[in-house]
Each structure stands twice: as structure tokens, then as C-alpha cells.
Amino acid sequence: MKNRWLIAASAVGIHISIGSVYAYSAWKMPLENTFGWSTTSTSIAFSIAIFFLGISAASLGRIIEIHGPSKGGLLSTLFFTVGLFGSALAVYLESIWLFYLFFGVISGVGLGLGYISPVSTLVKWFPDRRGLATGLAIMGFGFGGLVCAHLIDVFNPPQSEIVLPVEVTAKEYMELQSADPEQAEVLMAGVPDFYDFKANESELMRMETENMQESTAYKNLESTIAPFRTVVLYDKSAIATAFIGLGIIYLLVMLPSALYIAPPPSGYGEEFESQAKNSASKKLMNVPDVTAFEALKTPGFYGLWIMLFINVSCGIAVIATAKKMGYEMVRLSVEMSSLLVMGISLFNGIGRIVWASLSDYIGRTNTYVAFFAIQMIAFPLLANLTTQPILFMIVTFVILTCYGGGFASIPAYISDLFGLKEMPTIHGFILTAWSLAGIVGPLLNAYVYEQTKSYQQSLYIFGGAFVLALVVSLLMKIEMRRVQELAVSQNG
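The letter at position 170 of the sequence shown is residue 188 when you use my numbering, and the numbering goes up by one with no holes.
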């Protein structure tokens with residue numbers, strides 16, 4: 019019999035690879051600055067990937083049940099790595115439509131297959147610790163962005179950071195510099211020195227923290243720097259190389275992981291029942307198995323769907339724009355913005371294992387109440403921390419622990435409500451919420467940004483959404499109580 023901890027390691031290997039999608043904000047600035055693609059255009063690519071993640075998980079979950087997690091993992095490896103190699107071609111040709119196809123559709127299918135295969139398998143290998151099991155796998159998905167963000171910076175480091183007039187894009191400047199260097203020098207003649215400009219920005223931020231916005235000194239300084247902005251320049255070929263390099267690395271990780279992962283032998287879970295006598299989840303282990311289509315008829319299914327949709331919509335909007343948000347909203351340096359992206363992935367991963375493990379002890383319903391109570395305060399607070407970069411980063415990290423924890427606790431929540439028999443299929447159906455959220459959250463954020471030139475208004479909107487999520491999470495406590503009482507009556 020295979021070792022369940024090596025099975026867990028294989029699951030983490032798959033998830034840490036496909037979890038690289040969470041480093042997408044590290045791609046946005048290079049793609050937008052180098053190719054002139056709009057914020058909305060790059061957000062659409064990410065939304066397509068998340069949409070196909072959910073759709074493929076929902077539609078192929080039953081196939082994975084039949085053919086096993088290894089074949090699902092191998093298919094995930096194929097689609098995901100082909101998507102990355104194709105993305106390299108797309109950026110080399112500067113084709114946003116090819117990028118939508120390869121990064122969005124093809125790698126998105128790989129994401130869905132790779133996401134659902136290990137999760138359902140680990141729950142069966144760890145019947146005594148369902149929350150821990152799903153947390154282990156999905157933790158890898160969260161940490162994937164941390165690893166990838168660093169690799170992106172290694173493969174595709176910024177070439178330079180310069181000051182430009184606000185009406186000139188980075189792409190326009192690079193094209194002018196290539197076609198007519200003398201004209202580019204004329205353009206830059208009236209531009210302030212980079213270090214002087216950054217010093218003035220820092221001074222402006224200091225004045226804002228001291229509420230000096232109405233002072234003459236503040237207004238004069240603001241008018242001096244308002245016609246200009248800093249932009250980061252990247253090398254086009256390095257962006258393509260980064261996608262190829264990542265594709266090779268993830269192929270080498272995912273292939274052996276997919277070949278090793280397998281379901282436990284028949285009757286495996288019975289030996290753990292005696293160990294669960296004193297566990298708070300004992301009574302939940304005897305919940306009658308519900309088919310996927312029976313689950314669709316219950317209020318519990320839609321409660322889970324709504325909670326996941328709201329949690330993902332708001333969190334994924336931050337993930338998709340974190341680097342740019344930090345750079346523009348709180349004037350983080352390029353280096354600090356990169357640290358923000360890596361920190362987001364780190365706390366996304368930490369939240370998955372910590373919250374999922376905690377849910378084994380305090381219960382899934384209480385865990386979700388905590389998620390939403392925290393975030394309904396954190397999002398509006400984030401909008402008001404534009405002059406507090408360290409606090410901004412800390413609050414962002416807190417939000418991401420709740421975001422990651424929401425994902426990691428869902429599979430165990432499903433098994434608590436509906437049993438284990440068709441959990442992969444039910445989980446796939448629930449993940450359609452992720453598909454829709456991957457469209458709604460980033461595109462709403464991008465739309466509000468392009469209308470207001472600020473991310474603050476969307477943060478207030480997201481904070482309001484968590485009020486609804488909190489209400490649903492409280493109603494789910496009633497549904498969970500009903501399911502438990504039914505299980506007790508049926509078990510005598």
C-alpha cells in the first residue's frame with residue numbers, strides 16, 4: 019500500500035504548480051507596459067483561466083471518479099504546461115487573443131483538472147483529519163504563487179524604472195526609443211530626475227500622513243509631480259522566456275506527482291473509525307452519502323456556493339491586481355510590490371493549512387462566520403490605508419489568510435453535509451462559483467479602476483458584499499444542525 023504522506027506530497031506537488039496562477043499580478047505590469055494591453059484586457063485573461071478552472075472541475079469531476087486521480091493529474095499536466103508554452107508564443111507575437119486561448123482556456127482546463135484530483139483523493143486517505151487533508155493539498159495551491167512570483171522576477175527582471183509624462187505609455191516610449199532615439203531624448207528632456215521625483219513622492223506622502231493637503235506647500239509639490247508618473251520597463255523576449263522556463267519546471271514537478279497519486283484501497287477508512295471516537299467530527303463521519311444531484315436540491319449546497327462566490331470574488335480581485343495596486347495606491351517601490359505579491363501567496367498558503375486544521379476543532383460553520391466577520395472590516399479598512407504601506411500590506415495578508423482558508427475548508431464542509439461518496443462531483447459543482455467569481459471580481463475591480471482611476475471604491479463594494487456572506491454563514495449553522503440531527507436519527 020502506498021504511503022499516505024507521499025500521496026500528500028504528490029498532491030502538494032500538483033497544487034504548488036497550478037497555484038502559480040496566483041502570481042498573475044506579477045505578470046500584469048510587464049504585459050501592460052510592454053505590449054500596451056489595458057488593465058481590463060489582462061484581467062480578462064485571468065478571468066478566463068479561473069472560469070475554465072471551475073467549468074472543467076464541475077464537468078470532469080465524475081470522470082476523475084471513474085478513471086482515478088492519476089489520469090486526472092496527467093491530463094492536468096498536459097493542458098497546464100501546453101498553456102504556458104503557448105503563452106510564450108502569444109507574448110512573443112504580441113497577440114492578446116492567443117494569450118486568451120493558451121493562458122486562459124488551455125491552462126485553465128489544466129487548473130481545474132489538477133485542482134480537483136488531489137483534493138478528493140486526500141480526503142479519502144485522511145478520513146480522521148479531513149480539514150488537515152484538504153488544507154495540505156490546497157496549501158500547495160496557495161504557496162504556488164509565492165514560488166512563481168519569485169521565478170517570474172528571476173526570469174523576467176525589470177530592465178529599468180523611469181519617469182514619463184502621464185500621457186505617454188511605456189510601450190510608446192520604448193517604440194519611440196527604438197525608432198528614433200533622438201526624439202526620445204527630446205521627450206525626456208523635460209522629465210524630472212527619477213530620484214528627485216521619488217523623493218518628492220515620499221515627501222507628498224509624509225504631508226498626507228500629517229493632514230497637510232490644504233497647505234500651499236502640499237499643493238505646489240502636488241502640481242509639480244502631477245504631470246508625470248513612474249513606469250517600469252521590461253524586455254519582451256524575457257517575458258516569453260519566463261513562460262517557457264515555468265512550463266519546463268512545472269512539467270518536471272507535475273509529471274512524477276501525477277504518476278504516484280492514487281486512491282486508497284477498499285476498506286481503508288474503517289481502520290480509522292476507532293481513532294475518531296473522541297473526535298468532534300465523529301458524528302459527521304456517519305452523515306449519509308448524498309448523490310451530487312440530490313445535493314443540488316438542498317439549501318446547504320447553495321449556501322456553500324454563495325459563500326465561496328463572495329469570498330473568491332473579493333479576494334481574487336485583490337490577487338489579480340496586488341502588485342499594481344501596491345505600486346499605485348500606496349506608492350510601494352517595485353521591490354516592495356514584488357514582496358507584496360510573494361507575501362500574498364505566503365499568507366494565502368498559510369491560511370489554507372491553519373484555517374482548515376482549525377475547522378476540525380471549532381467546526382466548519384464557525385470558521386466561515388469568522389472569515390466574513392474579519393473581511394467585512396478589513397476591506398473598507400484597506401481602502402483607507404493609502405498613506406500606511408506597512409499596515410496596508412498587513413491587512414492584505416490577513417484578507418488572504420481568509421481567502422485561502424475559505425478554499426481549504428470547502429471540501430471538508432461538503433463531506434460534513436453530503437458524505438464522501440460523490441464528493442469530487444459535488445466539489446466540482448461548487449467550484450462553478452469560482453468560475454463566475456473569477457470573472458466578476460477582477461472585471462468589476464478593473465471597471466471601477468478605469469472609471470475612477472482608483473481601487474478604493476471597489477474595496478468598499480467588496481466590504482459590503484461580506485455583510486451578505488456573513489448572513490449566509492449564520493444560516494448555514496441552522497442547515498448543519500439539521501443535517502447532524504438527521505444523521506443521529508438514522509444512525510440510531
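I should point out that these hints are in silico values taken from the structure, not numbers from a laboratory.
A hint or two may mislead.
Said to hold, decoys possible - Between beta-carbon pairs, the in silico distance windows are: (1) GLU240 - SER113: 37 to 47 Å; (2) GLY208 - VAL489: 25 to 35 Å; (3) GLU179 - ALA244: 28 to 38 Å; (4) ILE81 - ASN402: 41 to 51 Å; (5) ARG499 - GLU226: 22 to 32 Å; (6) ILE266 - SER507: 33 to 43 Å; (7) ILE395 - ILE266: 20 to 30 Å; (8) SER113 - GLY285: 27 to 37 Å; (9) GLN195 - ASN402: 38 to 48 Å; (10) TYR379 - VAL485: 24 to 34 Å; (11) GLN469 - LYS89: 43 to 53 Å; (12) THR234 - TRP115: 49 to 59 Å; (13) GLN474 - TRP23: 42 to 52 Å; (14) ILE81 - GLY285: 19 to 29 Å.
Owing to the predicted nature of the structure, the values given are computational and were not obtained by experimental measurement.
Even for Gly, the Cβ is constructed at its ideal location relative to N, Cα and C.
Query raised in the report: Between GLU179 and ALA244, does the beta-carbon spacing fit 28 to 38 Å?
Result: For ALA244 against GLU179, whose Cβ atoms are near 19 Å apart, the range 28 to 38 Å is violated.
Report task. Evaluate the given range 22 to 32 Å for the C-beta pair formed by ARG499 and GLU226. Result -> violated, 50 Å
Report task. Given the range 42 to 52 Å, decide if the beta-carbon distance of GLN474 to TRP23 lies inside it. Result -> Since GLN474 and TRP23 have Cβ atoms about 45 Å apart, the given range 42 to 52 Å holds.
Query raised in the report: Does the Cβ-Cβ separation between GLN195 and ASN402 fall within 38 to 48 Å?
Result: holds, 39 Å
Query raised in the report: Are ILE266 and SER507 spaced within 33 to 43 Å by their CB atoms?
Result: Since the Cβ atoms of ILE266 and SER507 sit about 56 Å apart, the hinted range of 33 to 43 Å is violated.
Query raised in the report: Are TYR379 and VAL485 spaced within 24 to 34 Å by their CB atoms?
Result: Taking Cβ atoms as reference, TYR379 and VAL485 lie about 27 Å apart, which means the hint holds.
**Report entry** CB-CB spacing for ILE266 and ILE395 relative to the 20 to 30 Å hint
**Finding:** violated, 43 Å
Query raised in the report: In this structure, is the beta-carbon distance linking GLN469 and LYS89 contained in 43 to 53 Å?
Result: Roughly 46 Å apart at Cβ, these two residues keep to the hinted range, so it holds.
Query raised in the report: Falls inside 49 to 59 Å, the C-beta gap from THR234 to TRP115?
Result: holds, 51 Å
**Report entry** Outcome for the supplied range 27 to 37 Å, where the beta carbon pair is SER113 and GLY285
**Finding:** Check failed, 53 Å falls outside 27 to 37 Å.
Query raised in the report: Does the Cβ distance between GLY208 and VAL489 fall inside 25 to 35 Å?
Result: With Cβ atoms ~55 Å apart, the hint is violated.
Requested in this report: Look at the Cβ atoms of GLU240 and SER113 and judge whether their distance stays inside 37 to 47 Å.
Outcome: Taking Cβ atoms as reference, GLU240 and SER113 lie about 40 Å apart, which means the hint holds.
Consistency note: the structure conflicts with the earlier hints numbered 2, 3, 5, 6, 7, 8.
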